[in-house]
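K.L.:
Each chain, written out:
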Amino acid sequence: MARMKFLCDSDRCIECNGCVTACKNEHETPWGISRRRVVTLGDGLPGEKSVSVACMHCSDAPCMAVCPTDCFYRTDEGVVLHDKDQCIGCGYCFYACPFGAPQFPQTGNFGMRGKMDKCTFCAGGPEKDGSAEEKKKYGNNRLAEGKLPLCAEMCSTKALLAGDADVISEIFRERALHRGKGGELWGWKQAYGKDGAPVAKAVKEEKK
Amino acid sequence: MKSTSLKIVAALAAACLLSACGEKVQTAGDYRGKTDSKAYDANFGGDKAKWEAATRARAQNQNDHKRIP
Amino acid sequence: MLMQKKKTTTERSSSRSRLTRDVPLAAPEAIDRRTFLKRSGIGIGVGAVAGHLGGGMMRPAEAATDAGKEGKVEIKRTVCTHCSVGCAIDAEVVNGVWVGQEPVFDSPINLGAHCAKGAAVREHGHGEMRLKYPMKLVDGKYQKISWEQALREISEKLLAIRKQHGPDAVYWIGSSKHNNEQAYLLRKFVSMWGTNNCDHQARVCHSTTVAGVANTWGYGAMTNSYNDMQNAKAIMFMGSNAAEAHPVAMLHILRAKENGSKIIVCDPRFTRTAAKADQYVRFRSGTDIPMIWGILHHVFANGWEDKKYINDRVYGMDKVREEVAKWTPEKVKEATGVDGEALLQVAETMAKNRPSTIVWCMGQTQHTIGNAMVRAFCTLQLALGNIGTSGGGANIFRGHDNVQGATDVGPNPDSLPGYYGIAPGAWKHWCRVWGVDYEWMKGRYVSEAMMTKPGITVSRWIDGVLEKNEFIDQGPNLKAVVYWGMAPNSQNRGKEMIEAMKALDLLMVIDPYPSATAAMAAMVRKDGVYLLPAATQFETVGSCTASNRSIQWREKVIEPLFESRPDHTIMYLLAQKFGFEKEFTKNIKVTNNEPSMEDTLREINKGTWTIGYTGQSPERLKLHMKHMNTFDVKTLKAVGGPCDGEYFGLPWPCYGTPEMKHPGTPNLYDTSKHVMDGGGNFRANFGVERDGVSLLAGDGSASKDADLQFGYPEFDHVLLKKLGWWNDLTDDEKKEAEGKNWKTDLSGGIQRVVMKVHGCHPFGNAKARAVVWNFPDGVPLHREPLFSTRPDMVEKYPTHDDKKAFWRLPTLFKSVQQKNKDIVKDFPMVLTSGRLTEYEGGGEETRSNPWLAELQQEAFVEINPKAANDRGIRNGEDVWVKTPTGAQLKVKALVTERVDAGTCFMPFHFSGRWMGEDMLKYYPEGAHPIVRGEAVNTATTYGYDAVTMMQETKTTVCQVVRA
Ligand code: SF4
Ligand code: SF4
Ligand code: SF4
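Just so you know, the protein sequences line up as chains D, Y and G, in that order.
This note's numbering puts the first residue of the first sequence at 1, with every later residue one more than the last.
This note's numbering puts the first residue of the second sequence at 209, with every later residue one more than the last.
This note's numbering puts the first residue of the third sequence at 278, with every later residue one more than the last.
Bound conformation, chain D alone:
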């Protein structure tokens, strides 16, 4: 059973925003709606790391739990989607989401997609797959075409991986093997207490 997940290799991510604009391109999200964004930690300092974040399609999704209109559902592949016709745009899910994934049109009257918008794992919504209606409300449905999220497919360094968790973790495992050292996934150290992320050595100019 496919279980769709993202994985961002922070040793590869260079904060180029390819993933962000790939998403904009594929789904033509309006100005101000970012289904994906890149977060940089320690910006400008030795050890700077970036990681690309969107909806994580949680197994136990807080947005789903709190939505007052129960507009969320999860597909067989573990993709968390919602029905915009059901959504009332209250923003509760935004508070619940640990990643700030839900997006809302910026201007007063809802933009063309209206209501809450978030990463669909490029799987559209409950409208007929590949229909104009679906595209208008949720963007393209790549999964139904047998394709994977464009953000990951276009990532400039293949830092961002998307697909069946088994497959992408295998891809990452192979990569880590080549590196000859432990996986340095973002958060890995916290989880496993391993050391080893190379920290650029800054040689500072001395004061004259």
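It is possible that some hints are incorrect.
Lysine-lysine pairs mimicking BS3-like chemistry, simulated, CA-CA at most 25 Å apart [as the list claims (entries may be wrong)]:
1. G:K510 <-> Y:K274
2. D:K136 <-> Y:K246
3. Y:K256 <-> D:K128
4. Y:K274 <-> D:K136
5. D:K147 <-> Y:K246
6. G:K772 <-> G:K1096
7. Y:K256 <-> D:K147
8. Y:K246 <-> D:K128
9. D:K128 <-> D:K147
10. G:K1011 <-> Y:K274
11. D:K147 <-> Y:K274
12. D:K115 <-> Y:K242
13. Y:K246 <-> D:K115
14. Y:K242 <-> D:K147
15. Y:K258 <-> G:K349
16. Y:K258 <-> D:K147
17. G:K883 <-> G:K1011
Examples of chain Y residues toward chain G, derived with CB under 7 Å [as the list claims (entries may be wrong)]:
18. N269
19. R275
20. I276
Just so you know, the hints here were simulated from the structure itself, not pulled from any lab data.
By construction, the Cβ of each residue, glycine as well, lies at the ideal position given by its N, Cα and C atoms.
Take the given structure of chain D and dock chains Y and G with the ligands to it, following the hints.
P.N.:
What follows is chains Y and G with the ligands alone, placed relative to chain D:
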């Protein structure tokens, strides 16, 4: 009518599958929106295995070690 | 509250604390650029823009948006137009509308990957902010006019200027965003107009590299490829920020790192590339030569140099040793601020992890001594024996998508296509190729003297207008300027440029976007400005040369949008008005005023023997585009399939006729391969002997299996006969080759016999030159920039003497430096500039793309916390950046330790604000970039390279004050 029964079937299916993984069912009951079709319905004639094979193969495009040993 | 928070993941909002909790890397003081922008309240302007974009934004693609991808989807394969990496793109087109963009996983260059710019190119299919029809400035406002009227009025004015002042009174600025065919046609067009006053982006991008590198070992280009960097065991970046400027290159670089390659970044600024490095060395801007000599000092001191290689393949290393000996660690530290230990580590890493490669970009090139800096790099690589080997090389990352190609065959003021130069011999060669009479050609110019005198450079056109007539080295001052696909804000001294624009009789912009030129001109003029809408590269076909010299063919994705026309069509229409359209397209089929790009490439093939642009026929290139999957990613070589044995994109030199089937050259000067397999050696271009020392390669040093296993000069009919190889030519070849050399024999017979029959290199086999005696500093010497914050260093390392007639203009060095010796008192900070991922070059095109513009909404200056605190500046506040030109720029302060306390950094992609004023009202209505900001070059100071007239923009001075 039809959609309700479909929903139940889907919910049951999901319940079975998920419970096998020891996970809490999320989709059942609560969801009040329209029913979505399966990812493999529109272009894969409902052939789930074929769709899974296609996406798995596609995922290998993200594997630079496959193209470059 | 809710609305404001949704993009602010790193802000100290609830979402941030949740996202980053337990992450020790998140130093509390470190905020990223986007958070910074958010905090500085930039979100406020967004509503207005969004509103503006609203409904109309989707216009051309609207149909598609509504229809989904229903309908017949056609796939058109093209190449990203935003940088020299050359990432392939599959465009999905339905009923002529560009509806989707798919990754090309098959491409050996990018494997489907894109940075922000490449992932957003489909917006070109919308092009809402494009220049939509010809326009004319009337009473200070741009008005729509017809093509017919525009062409008539423009040509009448230009012809009047030509008649009154001569052809040299018009300046033609071409483009590195033209494809090869268009760039080539433009050089031909300008020649037939009768002047050498033409140039393009390469002047202000890598002209010092091209001149420096070509004079060192033969060809002015990146020696290896992005792909080949996977074979490097150590990679040193200096003056290159690949992570932001060439993001997809990082795919190969990070893989190299994962395979154990060591990454070193030396830069005044802690870049995103530095964040991925094993070692980062911060040094004072402009002291690259002391840095390199400091590294080489350790190399020599430890005997790490490749002695056999130097003996066989390098001329003049002993002279370099003498200079390097002076650069003791103490002296290096005094100049650069870096202690010896750090450079010893760099030297050791580079020496003990061979093959090691070096990457440089505009951080090196844009200096008054840029030509010397790049040669210092070359020398380091020669000393380590790293040139001509896979994994080594000088990996010079070019900028624009076709800046390499436009340099190779495009509008250069000192050369006809293919670096033939402009001596009478070169003219005769090209006249033969073009099928025109040399005397006719000469008649187009004022005189043979002007025909063979290098034109003014784009970096100095403003002085061609403003300089006193008696001081310029041509008849008239410039009266008209044509900006044909270039941004004005990429040239320094913007404040004076405005004066030059004011003084012109005629200014013409030919561009898909009105560009900052239109707005700047409307700011100071009431009339005399014309804008012609050009099509983008997605609306035409043609080839482009990536940084690694691979040539890719673009299919046409969509028809030209609005009323735009392809650049070559515009050239043809103007040629018609000027009365030379027949000569212009003698060998080229013209349909509906559009010259065939295939025929044009065939003409390039027919004439460009010097650098091997002869083997890449349109048919061969198209075959490569179709079978990308057959090419190996590390070697770029096709394994089986229809392109078996060839290298991807037939990287030039691809010698001989297409029928000779040369495979292209993946890594230049590589003696480990046969010449017919892309092997080679250094070029014999500077004679055979100097001061009694042979310049030819040592015995036993030659390309694999060459008949001549020693140094030899370049081939011509005489040498061929002497060697007894003449009879290897066919009778037809003999007829053509008689009296010719390998560069002028249009039959390709000499190249065929030398390479295919005898395995030798047509350009000879010589040593690389560590001493380029024909340049001002044969051995590169450090010289302080004209505007320096270190008077003590100016004293010790003064610049060159002033020059009188240099590229037709007087050029100042010492007098400017002396006058500003104590400038540090008023302007204590170094001002430098660089790139952002989201934007390209002058930035108008990319800032007009909402998908990109949203990500970088405001111009800023990076300033160190100490410098900021000393000035009472807080992060996100408005500041004035002031420079000695009297210009001042109002930008946001981004307080960060990326820069040290003595350095300020500004991205150079902004324009559309002028010293505090929004220029929106000066753009044609509805055709302005969404994001506008201060151009750093409005404020940059005087200063030019002593060989190529490259501008100094990387080291100047400024002061920053609160606004
Ligand atoms: S998976 Fe699709 S919708 Fe989600 S961020 Fe990526 S491109 Fe956007
Ligand atoms: S495209 Fe890849 S490398 Fe670039 S920001 Fe996104 S995840 Fe990072
Ligand atoms: S700008 Fe350069 S790196 Fe980015 S997608 Fe285009 S060609 Fe590739």
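K.L.:
Against which earlier hints does the structure fall short, listed by number upward?
P.N.:
4, 10
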